[in-house]
Amino acid sequence: MNKKSIMLVVSLMLLFTVSCNDPETIVTNFVHPDGSITRKIEMRSIEGDTQKRFNKSDIQVPLDSSWKVKDSCEVDEKGDTIYVRRAEKLFKNIEEINQAYSADSGSNKSISRKVAFKKSFKWFNTEFRFSERVDKRLSFGYPVKNFLNNEELRYFYSPEVLQNNNTDGPDSVKYRTLRDSIKFKTDKWTAKNMVSEWIGEFSRLTSSKASSDMSLKALKSREDEFAGLILKEDKGLDSLWKNGIILREFIGEQNALKYKTEADSALSIVTNKIFANFENYSVRIVMPGKLIGTNGFIDSTKKMIWPVTSDYFISEPYEMWAESKTPNSWAWIVSGIFLLFVLSGVVIRVIKKD
Amino acid sequence: MNQENEKYNKVINILKNSKPRLESTEDIQNEVIKRITSIHPFVSAFTGFLDFLFSWVYIGWVRRSLIAASVALVAIFVYQQGVILKRIDFLSRQTIVIGKENISDQTDQVEKILMNYKNEVRKLPLRTVTISEKQMNELIESVNELQLKYKDLEKLIEDDPEIKKLIEKKLNEINRTKI
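Chains as they are written, first to last, in the numbering used here: chain B, 408 to 761; chain R, 3 to 181.
Quick caveat, the hints were computed from the structure, so don't treat them as lab data.
C-beta: ideal position from N, C-alpha, C; glycine also.
Wrong hints could be hidden among the right ones.
[Said to hold, decoys possible] In silico SDA-like links for lysine to any residue, alpha-carbon gap of 25 Å or less:
id	chain 1	residue 1	chain 2	residue 2
1	R	K88	B	K665
2	B	K459	B	S443
3	R	K157	B	L644
4	B	K475	R	S57
5	B	K477	R	K172
6	B	K760	R	K172
7	B	K477	R	A70
8	B	K760	R	A70
9	B	K477	R	L150
10	B	K592	B	F554
11	B	K459	B	D441
[What the hints assert, rightly or not] Some, not all, of what chain R presents toward chain B, calculated at C-beta under 8 Å:
id	residue
12	V80
13	Q82
14	I86
15	L93
16	R95
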């Protein structure tokens, strides 16, 4: 697939995304010390049609009749009418959320998501760790950190509102350059992921029949060449692929004719994986006690926020985690008394010795 | 000198041999014992308790073990707090997103506005106060009442699809007029 084709597919996907009446959704997890979690979902939609608005199949996270739902109609800063649906449910433990994820029939049902909770007693403090993980879609992809530097990675994973603030703010030139650089590099990353995944799938499909010149190692050695071809080639990918030009170039004329079906199947699998249906949303976590670590962003209400977009879990799992601690007052008191006791004993011993 | 010494010894001997006549020695003995025990019972019990409590200081291995445990406890405390402070310091340097990601709740907002208003009134000089505490409370009560009525109305609209449709239509019209 060349760059334009990638762009075209991505644009079509975006168009599809926009045309779906998916609401703007924020999921907030209020984690309690006993491991129960109160989940709140806020969905905002501009869709006027009641039937189309908050359609179950358009919602990004599991939501069913067991939730306490409240609908309202609000007017935003611009004076536009926004329909808001707020839903709330108390989950006794993480297993209940994981069950809801596995039974999800919403717009992101094809993506595997899991939550985890860990409580560790550390005498003076009790530490809590809550994480939500989205599994990767590709089996043979490359991590994005191989393509972006730390600053670019930070920008890449940042919420849209922060990206917009930066590109419209005082350092706009710097951030626009950064954005363009990221775009260029992520195009390269997408192309390489596609080729790598295609090679993996194609090798799997032809493993019993393929000759040594078509082994996984042999195909991998020409991966960069193939990815470069996709990025540089001006002609449309579809015609290049349909005419067998790319395949001939890559595995030779004879093999191209022999394994055309497997090559097409592999491409279909890869396309489905890379451009899987996914509606973006945001996740927020509110932890018990004092926050001590997170890989998320902190918003103006001092709550952690993560954007969940399809790019984040193409080639590696996307984990949103937060850690907090609560002091064990009784342990502090017991420790203090114990130290005082030992110290007094030592003092008495010294006095009596003298 | 010898004569003086002899006299002294004689006096001493006489004194030694002439013991005072005590009528009830047993009573005196009992009284002395009683007084002694009544003066020091607490002190002796407390000392005994302390001796018992800190008897471990005379047992080498117990003393060493307890001191080691105390040092370990202090080390764990210092390490844990150090790690936590380092992590909190790292967190405080993280980017803060200022944007639309706030989940807003209408009820909370009304309460916040009222609270701010109430605080603002309190901050004003006395002569500029135009609303009394009673009036303020009445206002809050009215708002609460209004909220309840609003909820009832909301429920009524939800239950009746026709009214709901009509309101949505009106809202859309208002929206269009604004544009």
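Does D441/B lie within 25 Å of K459/B when you go C-alpha to C-alpha? 38 Å, violated
Taken at face value, is the distance from the CA of F554/B to the CA of K592/B at most 25 Å? OK: K592/B and F554/B at ~6 Å, within 25 Å.
Within 25 Å, alpha carbon to alpha carbon, are K459/B and S443/B? With a Cα-Cα distance of about 33 Å, the restraint between K459/B and S443/B is violated, given a limit of 25 Å.
Is K477/B close enough to A70/R, meaning Cα to Cα at most 25 Å? 59 Å, violated
Verify the interface restraint on R95/R: the C-beta must sit less than 8 Å from at least one C-beta of chain B. At about 11 Å, which exceeds the 8 Å cut-off, the nearest Cβ of chain B leaves the hint on R95/R violated.
For the restraint on I86/R, tell me whether the closest CB of chain B is nearer than 8 Å. With Cβ-Cβ at 6 Å, under 8 Å, it holds.
Mind checking the CB of Q82/R against every CB in chain B and telling me if the closest is under 8 Å? For Q82/R, the interface hint holds, since the closest Cβ of chain B sits about 6 Å away, which is under 8 Å.
Compare the distance between the alpha carbons of K477/B and K172/R with 25 Å, and conclude whether the hinted pair is satisfied. This hinted pair holds, its Cα atoms lying about 21 Å apart.
Given pair status - L644/B, K157/R, alpha carbons within 25 Å: 55 Å, violated
Tell me if the straight-line CA distance from K760/B to A70/R falls inside 25 Å. Between K760/B and A70/R the Cα gap is close to 21 Å, so the pair holds against 25 Å.
Should the hint that V80/R touches chain B count as held when the rule is a Cβ pair under 8 Å? With Cβ-Cβ at 10 Å, over 8 Å, it is violated.
Hint consistency between K475/B and S57/R [alpha-carbon to alpha-carbon, up to 25 Å]: 63 Å, violated
Of the numbered hints listed earlier, those contradicted by the structure are 1, 2, 3, 4, 6, 7, 11, 12, 16.
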